[in-house]
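S.K.: Here are the chains, one letter per residue:
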Amino acid sequence: GQQVMQIPQYQHVQEGEDFTTYCNSSTTLSNIQWYKQRPGGHPVFLIQLVKSGEVKKQKRLTFQFGEAKKNSSLHITATQTTDVGTYFCAGGFSGYALNFGKGTSLLVTP
Amino acid sequence: KAGVTQTPRYLIKTRGQQVTLSCSPISGHRSVSWYQQTPGQGLQFLFEYFSETQRNKGNFPGRFSGRQFSNSRSEMNVSTLELGDSALYLCASSYDRQGSSYEQYFGPGTRLTVT
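Going line by line, the protein sequences match chains S and D. Numbering follows our numbering, with no gaps: position 45 of the first sequence is 45. Numbering follows our numbering, with no gaps: position 66 of the second sequence is 66.
In silico lysine-lysine, DSSO-like type, Cα no more than 30 Å apart, as pairs:
#1 D:K1 <-> S:K36
#2 S:K59 <-> S:K102
#3 S:K59 <-> S:K36
#4 S:K56 <-> S:K70
#5 D:K1 <-> S:K57
#6 S:K56 <-> S:K102
#7 D:K57 <-> D:K1
#8 S:K56 <-> D:K1
#9 D:K57 <-> S:K36
#10 S:K51 <-> S:K36
#11 D:K57 <-> S:K70
#12 S:K70 <-> S:K102
#13 S:K51 <-> S:K70
#14 S:K70 <-> S:K57
#15 S:K57 <-> S:K102
#16 S:K36 <-> S:K56
#17 S:K102 <-> S:K51
#18 S:K102 <-> D:K13
#19 S:K51 <-> D:K57
#20 S:K70 <-> S:K59
#21 S:K36 <-> S:K57
#22 S:K102 <-> S:K36
#23 S:K102 <-> D:K57
#24 D:K13 <-> D:K57
#25 S:K36 <-> S:K70
#26 D:K1 <-> S:K59
No wet-lab data here; the hints were simulated from the structure.
My request is simple: use the sequences and hints to build the entire structure.
M.R.: Structural data, given as structure tokens:
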């Protein structure tokens, strides 16, 4: 099936450290989306990448889409306690299907 | 614009019963997707509706069904509930255009507990 694998499952960092989560698909994606879910909340859209090799930044967050459009990463520089939550990637395939990875739960200790 | 609303927010049912969950998308959004979220499995896609038609379906048994009305509101139904159906059920709406996937706006979810 068209699965999207995401690693790591959990990450515990000290405030100020960097954090990266990776997303991989065995088949080419039409696009990839990233979402953040705070504890007790619902997923909130962060960004969508469409082009091969695309890199987008949102303040301390950097999103990359691989050249082959099969992998993506989210990097957070100098984490803050407000970054706590679960980060999901969602791969878009042909036919409108959007498959979510299982997410990376980030815990930031002050 | 009002966000995606889901009712009820919490529900407790007994094994064997059936349940209907409701979702009202953001005004103007015609695509509605349903997801099941559990701690071990993450977000699992149930189905997606667009203009009253089921356009995509995930790998769930036939006990899970849904429909969409002409005003884009959607319902999902689970019959013969099992303990394993306990989960947070999330609805998401999207503006959508043909041939592309757009950002999903999620509702707060319905927390279903099956005892």
